[in-house]
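Engineer: If you read the protein sequences in the order shown, they are chains Y and S. Residue 11 in UniProt numbering sits at position 11 of the first sequence; the count goes up by one each step and never skips. Residue 194 in UniProt numbering sits at position 194 of the second sequence; the count goes up by one each step and never skips.
Treat the hints loosely; a few may be bogus.
Repeated chains share a single entry, so a pair holds when one copy, or any two copies, can fit it.
Claimed, not checked - List time: in silico EDC-like cross-link candidates among lysine to aspartate or glutamate, alpha-carbon distance up to 16 Å:
hint : residue 1 : residue 2
1    : Lys117    : Glu255
2    : Lys2      : Glu108
3    : Lys2      : Asp60
4    : Lys2      : Glu100
5    : Lys117    : Asp28
6    : Lys117    : Glu33
7    : Lys2      : Glu33
8    : Lys2      : Asp31
Worth flagging that the hints you see were computed from the coordinates, not collected in a lab. Keep in mind that this is a model prediction, so the values were computed, not measured.
2 protein chains.
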Amino acid sequence: MKRTVFFVSESTGITAETLGHSLLSQFDSVDFEQVYMPYINTEARARALTQRLHEAAERDGARPLVFSTMLDASIAAILREGDCFHLELFEQFVEPLSQELGVSPSRESGRSHAITKPSMYTKRIEAINFAMSNDDGMRPDNFRHADVVLVGVSRSGKTPTCLYLAIHYGLRAANHPLTEDDFEREALPPEVCAVKEKVFGLTIEARRLHLIREERRPGSEYASLARCRNDIRLAHEMLGRLGVPVLDTTSQSIEEISAQVLRGLRNSGQH
Amino acid sequence: MKRTVFFVSESTGITAETLGHSLLSQFDSVDFEQVYMPYINTEARARALTQRLHEAAERDGARPLVFSTMLDASIAAILREGDCFHLELFEQFVEPLSQELGVSPSRESGRSHAITKPSMYTKRIEAINFAMSNDDGMRPDNFRHADVVLVGVSRSGKTPTCLYLAIHYGLRAANHPLTEDDFEREALPPEVCAVKEKVFGLTIEARRLHLIREERRPGSEYASLARCRNDIRLAHEMLGRLGVPVLDTTSQSIEEISAQVLRGLRNSGQH
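Okay, chain Y solo, but in the shape it has when bound:
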């Protein structure tokens, strides 16, 4: 069974897409074709979309699903009359919230992902720049300026997680790759030890690491299962001695790892 799904919004569509994806993840057995429709902010665009809804219904033999976050009643009305199963994700919460707060909603669209708080936005952009210039242990002397320092072997997921932490949460995230230098010295660099309270270890199963490294350098000693096993074992020993939390990235997404890092920082009073 195939169903076409449209994520529709007057602005970026990120909210519709996020909640829509979450809802669809509850129905694994259905094959969803997902279409992203941001900036449906005029009646003309809404009417053009209803034409596409009609075409999808004909093609699939079932009406498409529409997940929308609409603040403009006239545009929402055009969608609602379309040939679709329509879930408005936003509107029904606005009124109860307005009553609880005793304040009228602004009804301005595109506020969710706009720069409404310049200082917070600047913080995020600075965090991204920090993550970029402190990737891969480039400047260990900067670890003291970081909010979080991820430590793990090559290809354990440090870089994508640091970037996600910076972009999504505005955290200044740096990382240190555990290399043969560290293993030979049998010690982490002093710059890492000095900021222990904001260090998180990342680990990964050897077989998975082997596959990832093989993609990068096929047939190399670096990618061999034996080398992966050894790197991970040594990393575990060192992180264990340092006594920091260790998160397993084998089957967790960067979103999941990041949420756990944030939870860890909060529980230890660091953030």
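Fit chain S to the supplied structure of chain Y, relying on the hints for placement.
Structural biologist: Positioned in the frame of chain Y, the structure of chain S alone reads:
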């Protein structure tokens, strides 16, 4: 007026936070203190949270708001009885959707941001690696492998936007900084011209650029308003000659710019 808001979830909390933020952005006049509570996945954790809700209510003199995405009825019930204004963002859409699809929901929590489709997840990680190694025009010969190439003067927002496009949409995003070399030659590099159909220009107002560059290199010629004005004028001329869409980053967030890039790619049939 101050109100405390809790974003609560059995897993990452990203969905609750995204929709919650969107809803709060409609009520600008209220001062919200936002607390992020992922992994409330046991009854004990839920009960500990109700204690925090009670404390917030006492402190603020008004009950806290709770935005949750809960699939476990027993945990949700504990929250619902707490001293709070509770909006469950997920549950009420699951049943109508299940009826429309004729399929029961899995009721498994943590599906939204887990790796449910390994190939899609791998694509995102590869896109992040691509963005990292193709930042700042590092390898122009790679532009032909990119899904999108952003072109603009230094500090116009290329890097954060590329990273967002990669992390959020799995797009292989590269960028080329317009430098004095390009301006002197009065031409874009051939590698950029060759992939014109996936090029987007980024521009920014001179005063804003001046402020951003001043942060980076205070008092420098590079940061001067005259230089910023000149760089932007020359960039406009070159991008105009190439005939590519130009997006203004002065007051738009990376989310907004990215949504417009995606829309542009789709309209031109590139994605």
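Engineer: Evaluate each hint against the coordinates.
Structural biologist: Do the hints match the structure? See the list:
no.: 1; hint: Lys117 to Glu255; verdict: between (24 Å within a copy, 14 Å between copies)
no.: 2; hint: Lys2 to Glu108; verdict: neither (35 Å within a copy, 22 Å between copies)
no.: 3; hint: Lys2 to Asp60; verdict: within (7 Å within a copy, 49 Å between copies)
no.: 4; hint: Lys2 to Glu100; verdict: between (41 Å within a copy, 13 Å between copies)
no.: 5; hint: Lys117 to Asp28; verdict: between (38 Å within a copy, 10 Å between copies)
no.: 6; hint: Lys117 to Glu33; verdict: between (35 Å within a copy, 14 Å between copies)
no.: 7; hint: Lys2 to Glu33; verdict: within (7 Å within a copy, 42 Å between copies)
no.: 8; hint: Lys2 to Asp31; verdict: within (5 Å within a copy, 45 Å between copies)
Hint 2 from the earlier list is the only one contradicted by this structure; the remaining hints agree with it.
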